[in-house]
Every structure is written in C-alpha cells, then in structure tokens.
Amino acid sequence: MEISVLYVDDEEHLRDLAEIFLAKFQDIRCISVPSVTRALEMLGADVYDVVVTDYQMPELDGLDLLREISARNMDIPVILFTGRGREEVAIEAFNLGATFYVQKGTPVMVQFQELIHKIRIAVDRDRTRKKLIESEQRFRSFFTHTLLGSAILDADTRILEINDFACSMLGLDRDALTGSYWTDIVHAGVCSETNAEFFTFPLFRNCQFDTIFHKPDGTINSLRIAIAPVFESDGITGYSVLISNINAEHELKERYDELVESWTIVAEHETSIRAVLNALPDSGLLLDRSGTILYYNQAAGEFLGLLDRTGPHNLCQVLNEPHQTLLRNGLITARKTGQDQYIVTSGSSRTYEWTIHPIIGTKSYEGRFVLFCRDITSIQEIAQELEASRERYRQFTEFLPQSLFELDKEGRVVYLNPHARSVFRVSGEYLSQKPYYDIFIPDSWKEFLKSKFSDAFSGKGGSPLEVELIRMDGEIFPAFIQTIPIWEKRIITGIRGIVIDLTDIRKKEQEKRELEEKYRVLIENAREIIIVSQDGQLKFINPLGARITKYSPEELIGKPFSDFIHPDDRELVYNNYLRRLSDPGYQEDYLFRFIDRDGELHWVKTHAIRIMWEGKPATLNMLSEITSVIKAQEALAESESRLSSILSFLPDPTFAISSDGNVMVWNQAIEQFLHTPADQVLGRSGAEVARLLYGVERPLLVDLLDNPDIPVPDNYQIHSRERDMIIADVLITLPEGGMQYLWGKATHLYNPKGEVIGAIESIRDITD
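The working numbering puts the first residue of the sequence shown at -2, with every later residue one more than the last.
Calculated directly from the structure, the hints in this document are not laboratory data.
Idealized CB from N, CA, C, for every residue including glycine.
Listed next, the in silico DSS-like pairs over lysine-lysine satisfying Cα-Cα at most 30 Å (straight line):
| hint | residue 1 | residue 2 |
| --- | --- | --- |
| 1 | LYS556 | LYS628 |
| 2 | LYS21 | LYS127 |
| 3 | LYS628 | LYS750 |
Derived CB-CB ranges, DEER-like:
| hint | residue 1 | residue 2 | range |
| --- | --- | --- | --- |
| 4 | THR175 | GLY102 | 50 to 56 Å |
| 5 | ARG639 | ARG761 | 19 to 25 Å |
| 6 | GLU378 | SER460 | 37 to 43 Å |
Using the sequences and the hints, build the whole thing.
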C-alpha cells in the first residue's frame, strides 16, 4: 500500500534531496513544502500517512507544527528530522506527540535509510492502531445495538460489560450491574426451582436455561439465558452471556392451554346466544376474533344475503365498501380498547347504525364480538337537516362582525362568538367554566339589566338598550344590547342577544365635535374670506366675509355669487368656477373685484379647490382682500409714470438702473446722444450702457454708488462723492478718434418707504 509523506523543510536543497531519495521507493509518494504554514494548508486539503518536519525554520518551527496538529485533532504520525541534537528538543517533541526523533548527519545515505525505516515503522503502527480501533468500534456497535441481551464476565463472574437490552430485561441500570457478580444478580431474581448447574462456576461447557426472572420493580420476564466460557492458553478467562426475552413464547403456551379449556365452555353457551339474537327485531351477529360470522339471526341473514349461502363467511368480505373498511376499523378498535364502538354507514340511499360489542370478562367468549345493525335512514335525514341548520347558524355567528351571546336559564354564559370574545377580552378557556353574565356588567347597571334579562326569560322580547358593560380587564364601555328568548320544545331554555360596542362610535363622535370646533375657530378667525359656492350660489361664508361685504350671512347664503361681482369680472370668475368643477386638479389663482352693500369696490385674490359639499361638487374659495395693495400699486405706477415723463423731457442725457442691475429709464436726450432708441436698451443690463458710452464694459457712476471699493477708472475725475451722490468729469474717446469731455452726476432712487429701488445718472457734454 502506498505511503504518502509530507516533508517540511525551509532549505530547498534538503527538500530536493529528500524527494530524490524517497522517490527511489515505488510505494512512497513524497510532497515537500518550505514552511509550517504551507504544511498546515496541505494537511487541511489532502490526506497524508506521515509528516516529516525539520525543527528549526523561520517564523514557525517543527514544534509549532506539532502543537497545531495536536490543537486541530489531526490523527497522523510526525517524525522530527533535524540536525539539532539537543536532548531538551527531543523531549519536548515527544511530549507534543512526535512519533520518532531522527537526527540529520553524515553520511547522507545512512541518515535517509534510517528515516525510511522510521517512516515505515510509524505508518505500520498507525495503520495497525486504526484497524484495531475500527474493529473495537464494530464489536462495540454490535454489542450495544444487538436485539439480544449481552454481557461479558471475568473469570470470577464479575460483569465487565453489559448492553442496554440486557439492563432492560434485568430491570437494573448499567452502573448498578457493572462490577457486580453475575451469580448475585441471578440468585436475587430467578426462582429457586432453576437448575442448580445455572449457579455452578466455573463452567466448562456451554449451557442454556429458561427461567422466570423477577425484576426489582416487581414485574416478571420470561428469559432464556445462554452462558459460554472463554478459553485462553492459561485456562478460562471469562464468560459470554446472551439473554433472550421469551415472554411471547411463554404467553402463547398459556393461551393455548386456555383455548383448549374454552372450547368446551363455548359449546355450552351457544344455544343461549342464538336465542338472544333471534329475539331481536334488528340484525344481530356473533363474530370470532378474525371477523368470521359464527351465527346470525333471520334479519341479519336477509340484510346480508346469507340465507342462500353455505359455509363460513367473514363479515368484511360479505360487505361492500365503504361498509367493509368502516366495520374492519371498528372491530380493530373494539378489540384494542375493549369498549363498544358505534359506526354509521351509508349506501344505496340507506343509512345504517352498527353497534360492535366486544365480549370481555367471559372466558369462553373472550375475543368475540356481538354486532347489531339497524336502519336509521329517516332518523339520519332529520339529524343531517338539523346539523346543517346548526352549522349554518354556527358559521353565521362565528363570522358575524357583531357580538353574539347565549345564556342558560341560570344566567351562565354558554356561548360568545369570536367577535364577542374579542370585545369582552375573554378567553375560550375561561368561557368553558360558564361564568355568570353579571361579571360583564358594572355595578351601576346590574339591577337595571337584571330586570331586563328577567323579562327576556319570561318570553318578552326586549327593545334595544344603550347601556354600559365591562371588559375582563376592567374597562367600562358604552354598548347597545338586545335580547330574545331561546325556545326548545315550547320551553324557554335561555336567552340569546347581540351587543354592539359603541366605543369607536362615541370616540369618532367626540373627535368630530372637536374637529368641527377647531374648524369653526379657524374659519371664524381666518384672515381670508372663506366661501363655498355650489350651483352658482353661495352656500357658506365666514364672519370676515360678512363684515367686509357688509351683509349678514343670512342675506348672502343662497344668493348667486355673481350678484356681488363687478360686471367686468363676472365672466372671468364664472369660467374659473366651471373649470374647477370639471378639473379637480385646476388651482390657478387670479384677481377679481366685488362690490359691498355700500357700493364700495374691493379687490381680492382667490385660491380655490374643488370639494364635495352635502354630497355634491362645490368649490372652496379663500379670498385675500388686497384692495389697499392694488391702490398702492396704482399709485406707484402713476408716480413712476410721472417720473418717467419728467425724465424723458430733461435736456441732459439721463438713464436709470434698477436695483437688480437692469435699465429702467432711457430719456429722449440720451437716445439722441448715443443714437440708440429706448426699446433697444430698456430691460438690458448696465453693462450694455457702458459699452454704448465707452466702447467697453466698465463701471458707471451708478456702479460706484453701491460699490465704493470698485477701482475708479483713470479717465474719471471725481469732484464730489457723498453717501448717495457722485459728481465727476469723464474723458471719452469718440469712434472717429476725437476726444470728448463729459460731466456726470449719479444718485440713488427711493420708494415712498425710503428703500433704494435703483440709481439715476445724468450726463452733460462739456467739451466746449
């Protein structure tokens, strides 16, 4: 058999030398690696018969490899092959599990021959050891799992080994038996009549005995015990014991004796059994243990068609399916349990009830059955109809999203459907105790509901009542309750009722009231006019809207909203109203005017959305009163118009730049001066003015107002520079090459609030 060697050495020439030398032997395969780390990787990936390792190596040495092999539970022999001949290294190597310690030396041929010898010895020992372990494991498995009781005794009959099956049959555990004397165990358990040879040791031949063994717990086993001596060169060294359970064999013999006795008694009772069966109006049969019909009466013969047949018949073979399977299972169950079995079978539109009675306690008929069969078709039809009705009612109540309950005449709760159990937070286990109904009623309501339940028990149907009930965790909740009596055979046997938990309804009502109050406060204190319009009419207006229009809400509700809109804006408002109704996503804001009671005009900005109002489409409109803003804008526009008119007719070229840097004024004088009409400049940036004046983009005087840190161009001569005004002379070069001197002045523009809205600059030609 091939030997696989893993050779570990950090010196390459020694690894090569080892591979060359070991390759000379056909039964040896050598794999060499340069480090302990690599060796551990190889051991994890493949199987080797032996490891040969150097001692001294970088990082991890040969002793480290031994430690890792031990830590990883690798079962492999290791030979330390090293030039270091220190005694302490060899001792530590053997302590770590090394198989051999071989010292390198000269001549090389001799040292490798010794290494080969040690390799073969180590591998042979390891393989032999593993075979012995496997053999012992096989024996141990057989000894432990065999279905016979097994024990091994020494020469003095002390128990060395015993399996679980033997422990079970002797009724003692392994710890109590191991080390005990076999003769003591059997003396304590077997009867005194057992052959004396059974206790005589030493035994020089195989022997076997059947005996009754009394276990320590009082139970009895019938055992067959075989003992065989174990001979070796120096005589008997022990005994092998096999124990078999023969309870079944012993019982079979007893049953046979009883059977012989019972046959004589059976004949004596046959006549009386037949007389009983013949007196029955329904089918009656007597069967043996196997189901064979021993006797049947006239009704059974007609029902099963046996009157014209001869010979013995098995009941299950006479019947068709499904009767056959049902009766067979019933007979098996009756035989096992010793109790009567009741079976209902159906076929050919008829239904039959079978009663299987096992005969017990009568020795002569032990194991036999008496069967009775009757036609219950009409009874079954009624029962099925009743059961179907009950099932429909059960399904209805189980899945009904309302709480149903039933009380018996004593006032005990006998049923709560799942919804009711959830509402009252009670478990099915608690309900099985049938608690009294008053545990679900607060003290303040007990007398009232007791009188109402008394009315129901007397046959009076109650009207719905709003009351308070209590859950199992003590929470009191509002509920509607209604009850009716339960009639059975014209007698009231209880009451049935329904409970509706009003907790969520009352909570939602409270939330609705609170929400309505919040909306009322919000709408009454809103800073916008809020109206709802529907079908062209006003359906709602808040107090602010009434105050501004100077009408009362009663005067406005129900009136066409167009009556209050400025004639010029009615079409705009109506078109937007129609568009919102047809397109719920349309929400564009717009301005329009309305007229109050005194004829005063009001500007409003509206934001509207489509809503449902009293089940019909409508629009919710929020109007912001902006009359003062519109008037201010008109005044500002008028002021700007006057300013623009004044600036346009100034004799000096003048322009103005807005705060966002765009040209907003360009008068006639600058149009002529720069030969550029206003429509080409207005709205453009100030940089465009610089290019027109100077031919390049550069700061203007208006730029120096807001940015005092901007470097002043060389051609600017500043005469005056104050907080919001600059006066300067400017020298520019004309396109045809001539020079021109300009005088300029720039200052801020302010709105009525004193806020800067831009700057204005005037230019005058002072060349002459």
